[in-house]
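Quick note, the sequences are listed as chains A and B, same order.
Residue numbering for the first sequence is 1 to 227, as defined by the working numbering.
Residue numbering for the second sequence is 1 to 312, as defined by the working numbering.
Just so you know, these hints were derived from the structure itself, not from any lab.
Mixed in with the good hints, there may be bad ones.
Computed spacing ranges between beta-carbons, pair by pair [claimed, not checked]:
1. Gly-292(B) - His-23(A): 55 to 63 Å
2. Thr-105(B) - Ala-194(A): 44 to 52 Å
3. Pro-251(B) - Asp-14(A): 50 to 58 Å
4. Val-44(B) - Thr-167(A): 22 to 30 Å
5. Arg-41(A) - Ala-279(B): 47 to 55 Å
6. Asp-150(A) - Leu-249(B): 36 to 44 Å
7. Pro-274(B) - Asp-14(A): 25 to 33 Å
8. Ala-37(A) - Thr-106(B): 38 to 46 Å
Here chain B is said to cover these stretches of chain A; the calculated rule only asks that three of the stretch's residues, wherever they fall, bring their Cβ under 8 Å from a Cβ of chain B [stated by the list, open to error]:
9. 166-179
10. 199-211
Note that beta-carbon positions come from the ideal geometry of N, C-alpha and C, so glycine has one too.
Listed below, chain by chain, are the residues.
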Amino acid sequence: MSHLDETHINDLADGVLREHARHVAEAHIAVCAECRASVERIRRLRADLASLPRDIAPPEHVLAGVRARMTAPGEPVPLVRTRAGGWHVRPSVLAAAAVLLMMLSSAATVSWLRLTADPAGTGAAQPLAVTERGSSGLVAVLAMERSYEDAIAEVQRALSEQPSGLTAETLRILQANIDIIDRALGEARAALHADPANDALAEMLRSGYERKLDVLRSASSHARARS
Amino acid sequence: MMSIPSGAGAPKGRSAAARMASAFLAGTALFVATALPAAGQRKVAERFAAAPDGYIRVQNIAGSVKLIGWDRDSVAVSGTIHDTPAERFEVQRGDGSVKLGIWDTTVERADPSHMEVRVPARSQVWVRTGSATVFVDGVTGELDINSVGGDIEVHGAPAGLFAESMTGGIVIDVSSATVRAKTVTGTIRLHGVIASATATSISGNTLIEDAAIDQGTFESVDGELRLVGTLRRGAVLDFVTHGGAVELLLPAATDAEFRVSTYEGGLRSEFRAPIRTTASKIKGSEQRFTLGQGGALVNIRTFRGRVVVRSR
Numbered sequence: 001m002s003h004l005d006e007t008h009i010n011d012l013a014d015g016v017l018r019e020h021a022r023h024v025a026e027a028h029i030a031v032c033a034e035c036r037a038s039v040e041r042i043r044r045l046r047a048d049l050a051s052l053p054r055d056i057a058p059p060e061h062v063l064a065g066v067r068a069r070m071t072a073p074g075e076p077v078p079l080v081r082t083r084a085g086g087w088h089v090r091p092s093v094l095a096a097a098a099v100l101l102m103m104l105s106s107a108a109t110v111s112w113l114r115l116t117a118d119p120a121g122t123g124a125a126q127p128l129a130v131t132e133r134g135s136s137g138l139v140a141v142l143a144m145e146r147s148y149e150d151a152i153a154e155v156q157r158a159l160s161e162q163p164s165g166l167t168a169e170t171l172r173i174l175q176a177n178i179d180i181i182d183r184a185l186g187e188a189r190a191a192l193h194a195d196p197a198n199d200a201l202a203e204m205l206r207s208g209y210e211r212k213l214d215v216l217r218s219a220s221s222h223a224r225a226r227s
Numbered sequence: 001m002m003s004i005p006s007g008a009g010a011p012k013g014r015s016a017a018a019r020m021a022s023a024f025l026a027g028t029a030l031f032v033a034t035a036l037p038a039a040g041q042r043k044v045a046e047r048f049a050a051a052p053d054g055y056i057r058v059q060n061i062a063g064s065v066k067l068i069g070w071d072r073d074s075v076a077v078s079g080t081i082h083d084t085p086a087e088r089f090e091v092q093r094g095d096g097s098v099k100l101g102i103w104d105t106t107v108e109r110a111d112p113s114h115m116e117v118r119v120p121a122r123s124q125v126w127v128r129t130g131s132a133t134v135f136v137d138g139v140t141g142e143l144d145i146n147s148v149g150g151d152i153e154v155h156g157a158p159a160g161l162f163a164e165s166m167t168g169g170i171v172i173d174v175s176s177a178t179v180r181a182k183t184v185t186g187t188i189r190l191h192g193v194i195a196s197a198t199a200t201s202i203s204g205n206t207l208i209e210d211a212a213i214d215q216g217t218f219e220s221v222d223g224e225l226r227l228v229g230t231l232r233r234g235a236v237l238d239f240v241t242h243g244g245a246v247e248l249l250l251p252a253a254t255d256a257e258f259r260v261s262t263y264e265g266g267l268r269s270e271f272r273a274p275i276r277t278t279a280s281k282i283k284g285s286e287q288r289f290t291l292g293q294g295g296a297l298v299n300i301r302t303f304r305g306r307v308v309v310r311s312r
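Chain A on its own, in the form it takes in the complex:
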């Protein structure tokens, strides 16, 4: 029996698998203890992470020590000379640098996406320029899709964790319109995969994703207001 791959296990744990794929995955973990344990482990990890405080203030004496070391003259940089004469960075510093790099990278990506989506900063959706041709264009589109899917999954998760406060009728209307968007996204995606250099199709796809994110964010903001 072949097991679920890492992506499917994570997506199942996160509740972001599409309906058909979810059914298949759930049928698999019903009979596969190993995959079921993996999904449960990730879910527990998510729950544990969610229960952690958002900020942890270090004890004042630690902060005071850090400040003193930062301002002390002649304080050596946290690089260590190796016996071979080269330089290596302490693992803790390396980890901090990695985190910083990831943050900067994420920030740059977000800034780029925002800038691309709204160059004038007006809040108005602007055409996303997919100027690459052929496969490189498709890669850019896939990256765009991925970033939207991530954002949508995040809002959907937040929505699922709080009562919507919306009436059943409003929820039904919203779901019907989400379905309309999903159908439009499917059509645009299929057309774009056949014609990846078509900028207009990329724009249709972006517009569809933007609308979906918009609807979910609106529902989420109403849910927050009423919960």
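Starting from the structure of chain A, add chain B where the hints point.
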């Protein structure tokens, strides 16, 4: 002289005086019933000083909110309120800010409350409703209006306007620097003079009629986008829809450049300007044409929606 057929309403054998007394009592009861609030309702009428450009928040679940900007440094609120079992209508005053209305997170539906709120014209106003309709006129500060299902109608000259109703319609007739309107199913109607306008919907239609817009973005997934009127010189308007039609009804003497991109939709122009077509390798096409001197730029993108440019 009109006569009441016997047996139609007056019991036989009763005197004229008794009938008159009955009629008087019935009339009095009707007057009382219409003049006084129904059970559970109460009337509110408050007026207090407020900053001329303060921040005002108004909330109502169901019913209506009528917001009027006036040339006085005070807020006046009046209306008929239905308190909910858990929450009462409240007015809270802070330093330069006012919060009033009724909001209850424990009820899905509430009996309607109708409130009229007069605010200093330069106030910044934030309104949130469930199904209550919102009407605004005369506010020149920023307006932020958000409703789940209530209709929104705004007039006047707000500095900026954001209006969102998921399932309600939005009517905007303003003179403003920026207007943002958003619905899921509701129809958006835009009129007036607007420097920068954005209207988005999923399946709701958008109608821009007799509006002077410098920069506009109108997007929908399945809704129709329709513009009736003239295009300002130098205006840049973008229309994006997946399945909805785009229809522009313009004067014969229009100066504008059009760039139309459709995948399965088609373009039909009643103007005689030559159309240059650039076909995609696979499917779809981009068509361009210029009317008059080409003073404005109109970009249209659809997947399936047909595009019609007609002469008025």
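We went through each hint and held it up to the structure:
At roughly 58 Å, the beta carbons of Gly-292(B) and His-23(A) sit within the given window of 55 to 63 Å. For the hinted restraint 44 to 52 Å between Thr-105(B) and Ala-194(A), the CB-CB distance of approximately 48 Å keeps it satisfied. For the hinted restraint 50 to 58 Å between Pro-251(B) and Asp-14(A), the CB-CB distance of approximately 54 Å keeps it satisfied. Checked against the hint of 22 to 30 Å, the pair Val-44(B) and Thr-167(A) passes, with Cβ atoms roughly 26 Å apart.
In this structure the supplied range 47 to 55 Å holds for Arg-41(A) paired with Ala-279(B), their Cβ-Cβ distance being about 53 Å. Judged by the Cβ atoms, the range 36 to 44 Å given for Asp-150(A) and Leu-249(B) holds: they are separated by roughly 41 Å. Between Pro-274(B) and Asp-14(A) the Cβ separation comes to about 54 Å, which falls outside the hinted range of 25 to 33 Å. Roughly 41 Å separates the CB atoms of Ala-37(A) and Thr-106(B), a value that falls within the hinted 38 to 46 Å.
Requiring three or more residues with a Cβ within less than 8 Å of a Cβ of chain B, the coverage given for the region 166-179 of chain A holds, as 6 such residues are present. Counting residues of the region 199-211 of chain A whose beta-carbon sits less than 8 Å from any beta-carbon of chain B gives 8, enough to reach three: the coverage restraint holds.
Hint 7 alone, counting from the list given before, is not met by this structure.
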